[in-house]
Amino acid sequence: MINFLKYKKVYALISGLIIGIGLLSVIMYGYSVSIDFTGGTNIEYGFDKAIEKKRIEKVVKAQNIKTSRLEIVDSKKLNLKTAPLDEKKEQAFRNTLEGELDSKATVLKLETVGPTLGKETITKTLVASIVATIGILLYLTFSFHKSSFGIAAVLAMFHDLLVLFGTYSLLSHFFGAELDTLFVTAILTTMSFSVHDTIVVFDKIREYKRKDFSSSFDEIANKALSETMVRSLNNSLTIVLMLVSLALLGGEVIRFFVITLLIGTISGTYSSPFVAVPLLSWLEKRSK
Amino acid sequence: MKKIRFSTIAFVLLFVVVLLIDMPQSIPLKFEMFGKKHDFTIKRQPLQFTLFGKTIKKDFATQLGLDLKGGSHLVFEAKMDKIPTQDRAEALEATRNTIERRVNLFGVSEPSVQTLRQGDKYRIAIDLPGLSNINEAIQLIGSTAQLDFRLEASTSAQEATTTPVFMRMTKKTGLTGKHIKKSIIQFDDAGKPSVGLEFNSEGAKRFENITRENIGKPVGIFLDEFPLSIPTVQQVIVGGSAVITGEFSIDEAKQLSIAINSGALPVSITLVEQRTIGPSLGAEQIEKSIFAGVVGLLAVMAFMILFYRRLGIIASVALVIYGALSLAIIKTIPVVLTLPGVAGFILSIGMAVDSNILIFERIKEERRKGKEISSAIRVGFGRAIDAIKDANITTLLVSFILFNPLNWSFFPQFGLVRGFALTLAIGVITSLFTGVVITKRLIEAFYKK
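First to last, the protein sequences are chains V and E.
Convert by adding 3 to the 1-based position in the first sequence; the result is the number in our numbering.
Convert by adding 410 to the 1-based position in the second sequence; the result is the number in our numbering.
It is worth saying that the hints were derived from the structure and are not from the lab.
Hints should not be assumed to be uniformly reliable.
Simulated restraints, written as ranges between beta carbons of each label pair [unchecked claim]:
no.	chain 1	residue 1	chain 2	residue 2	range
1	V	Ser-218	E	Gly-529	49 to 59 Å
2	V	Ala-15	E	Glu-510	51 to 61 Å
3	V	Ser-217	E	Ile-419	19 to 29 Å
4	E	Asp-491	V	Asn-67	27 to 37 Å
5	V	Glu-210	E	Thr-525	43 to 53 Å
Cβ atoms here follow ideal geometry from the backbone N, Cα and C, with glycine treated the same way.
Excised from the complex, chain E in its bound form (with noise of 0.2 Å):
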């Protein structure tokens, strides 16, 4: 007795747990009690500890993917022939580093910047949720706009006068957007904008070397070719950094900044995919989807209960704890929900009543051959388990294909069945657990009497 007692309370306690997991990270509460108006808020506290010396936070939110809360998903592929073997993970990763440092100037929420290495293929994906303008962020990003400084070629006289100071500028100092380690936008005293460069230490003692030899003379930078501003070397600039004047709108100035860190990437790239979802598109998905599952699941319960009737029930009861318990693993994970993976979730719920099927003929079968109520629930129980983990094994060998955990480059990679597959592992697992152990635990409690 005293060790039922001791199992109720911990499932209770998981049940509560679950349900604090599952429900919304806010609930708006408003009512009217004794003569007087409540509005209350529930709010569900983020989760944050430390273990082995790690911290730890979770807040049990939904992750939707890009197709359902709209956004984008790009694939560049970088060009690697010029660049030695031994060094194209790096630039690979250098890469990524600069995309990542453009993509955080768009200001969308929790952009991610991905390297995906496939045989001898160099490819980046990035995801942009919510991003309107992709257009804008495509160019920004693919463009491998060169910057490079230059000094005044030596001429005569004469074609200093006639010739604009721009052209003049064809001595190449090899001081390139290579040398930069950031470009950001400054104001000056007066509010007006303009661009300011950082120099790596390679950059800073050319940048020093130029200054310091044409004290006096106009410097050139210039941006695929175009002159962005020609300042004269007044003094020598020791410290590496450098400020482009000029007649620029703080949108100009921001667009030459993210310009020139766009100059600074180590290989060229070419977009090679894009998925583009607007954000409508995947509300009204999301909506249906629900709905659907809701309905299945109702039909579902209808149909177990008609054909097997408290044992039914029970299934019922199953099913919903199921339901609950692996929405609740999918947001500590978390997974990010896609569309299909929505429908892996759906379909886990058919699979999962499976499982109670199995159990619940295999119990009818011992009770058929006279054994009495509690032994055909022992022994139809070890039976029915053996059934189910050979069953369920060949779908967990089929979703582990289809995620890919290891990334191996001779599977799919796509993430829109990763969603699938993760949610119909989580659903087959979770179902085993409440299969074996939470229908058992119902069974007793509810049909021996």
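The shape of chain V in the complex, shown without the other chains (with noise of 0.2 Å):
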């Protein structure tokens, strides 16, 4: 039996250090929000020779459209990012653009989406996580009996959140990805992948509460992360391994989406022994 309790300022240190980071970079970097959540058009052209941004900058300029990103990928394909263009000012910006380039484009890509389409998400997203939120507390309460679990699990929940929003505002700054509805989905996922896992320990916790009346409560705890431990490894590895290899081979449309997703399970399989546990240890010293 390895005493896991004993280090609690260890683990504690390094939580605090990755969502120092992250918080930090949320206040000086923020996050850039997919048009999404802030409406707008994202563009994806294919052409059929090399393009030059200069000539593109012309066009966009001449027409007067809104640009908050313009690159060009592989030499031939352009990536715009504007405000929203209706369907005729997009074929009257598509056509001038063909001319400018002498090069036909292909549409490989147009999304177009109206503000308030965008708030409106906004706010349904906070909706769906306070009510996944309220019902997993639910469920582990009614499951446990005992409050402390479920606020146990639910505190080391929020722990992988803000972490997963810290770390999403460094992938945002450095490598460009978006805040997004696919965001949302990993977030949820990783709200539920992170319970799960914590129930896991939880269970054995309980078992061996039932049985053994002598011990400590951070003896029992113990016992129960050492037995679990390498249970909640594997489980998590063979996880990581689908999502590495989805994020390195897997298209690129879902990259940062499966990258979230990685996170989040690393940061669920940390938090439960290592947040969970010794939060509930400290909840169910004070209740007595």
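With the hints as a guide, dock the two chains, each given alone in a separate frame, to form the complex.
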């Protein structure tokens, strides 16, 4: 048996450091927010020959289009993010662009979201997350007959969310990830995974508590952690293997989504023994 | 012994059905045997049967979402402020029907037009798979062209000779596009195209009256203030149909017919969301995802076999069965696979192993306590199932919220996210089944000895 709970301060330091750096990045860099939330237009055109950025910028200026991103990918693809463009403006822009570059443009991707829809999405997302949290809390309280288990699991879940929000800001600043509906999906999936993993450990603690009345809570928790550690690591490792191969080999459309899930999985695995259990131990001691 | 045999047969049967569903619609076979060339195509026939008076047809094809096969997703919002609250749902439905009729003219396969009510917002979502010229489609769907019939205003003889005829047609008859049931392209004996109009019952009555009162006089058909044709009434027209003739090409006649059908839109609509994905982008993504999934699966299997040896082999077999089973369920329902949906499926494979690991670790634990194999398996299973059930309920809860099956307007209703939630939920449920039933049977069959 390993005395896991002896190193509480180390765990707190690690978590604090990661969350701290992330939150610092949120304050300093913020996020680049996708059109899902702000409204706007995403365009990806493919051309049949290499294109020049300067000429494109000229057309953008002449057509009075507000761009917040203008990138050339693989020398033949144009990636644009603009204020909402209606279909007539887009058509006019594309035609002028084709004339200027003397090359035919194929629409690879064209997404427009109205600004009102964006606001609505934010509200709905918040509601969904709150309902999910309440649902998880209720389920855990019901299933463990004790609120301390539910509270500890949900606090560990918040820990994972903070890690995700922080690291995503770094991803956003350095690699151009955008805050979009897929990020929200990854957040909700992480919430469920985080609790999923915590339950396995808590289940073991509950089992020992029923049988063993003489040991202290920390002793029981250490015993449960020692028993579940391998299982918990193996569980996560299989998911990590899948996600890593998706991140490296899968398409770029879902790359950041997969990376967010990956961070969520790792944080969720870490937080079960090193955040949820110490918190539970603290809550149990307080209630005595 | 007899019992085991029966269940074995049941499993083999299940597996054959699953494989049949999973295989592609047709497999071309070309080979040489005995000096002869053989060229076959194995085809799966669609299933069709009648149950309780309902005909059920399944072709078990993999349904791909717009982000994978290319196409457009459009969301229009209807302006309802002028329509009384109690009539709004009906107006939205009528608009949907008109749009659907027009969308059918684009000739895309399996278009979908759905109404979405979100609080006080009335929207129509349109999916157009594989349409190349989306801007034209948007303009046709969104245009609110108003058709109306006009008469000559009574003017002095002087003016009548100097101003062109269409400028004199200022007297509105009250007969408009909303009285038109539908408009079609027709051809006369010489093959010249014209546009036929069919009125509803009220329109038919009005048209009859107009023609009766104006024999020998011109009647103008205007679209958005623009004269389409100004025929002179020859006789009373009863029965509710009219024809617009003119110098049209077939394309022009078709455009006009579509425009008139648009004119019949009961409410005006504006485009609030558009997502168009070219077909090449999707194909590339799907190839990459499948490759990544296979690599991930092999990595997981290698890990399981290295770590759990014989049990790992069993888990790998269970995993393949799990994958085949989930795919069969996805094709049977059928679930429309989007890119996040594929990711959800691949993620669920990783999570499915998890129930196997829980079971194996529990069995090992019982063995360490000195139990003999068969009771260790029994007790270990019982214990593990509790934890698996508890842990998976939260995943199901979250996928329920993300999928939003009841279309609650306060939850998100994003198509992409739904695909992810649905495949994840199917994955969790299937993994419960393979974990509980199939792994157990495999262990009993191969591990005990």
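Here is what the structure says about each hint:
1. V:Ser-218 / E:Gly-529: 49 to 59 Å: Holds: the Cβ-Cβ distance is about 55 Å, inside 49 to 59 Å.
2. V:Ala-15 / E:Glu-510: 51 to 61 Å: Check passed, 59 Å falls within 51 to 61 Å.
3. V:Ser-217 / E:Ile-419: 19 to 29 Å: Since V:Ser-217 and E:Ile-419 have Cβ atoms about 52 Å apart, the given range 19 to 29 Å is violated.
4. E:Asp-491 / V:Asn-67: 27 to 37 Å: 31 Å, holds
5. V:Glu-210 / E:Thr-525: 43 to 53 Å: 51 Å, holds
Hint 3 from the earlier list is the only one contradicted by this structure; the remaining hints agree with it.
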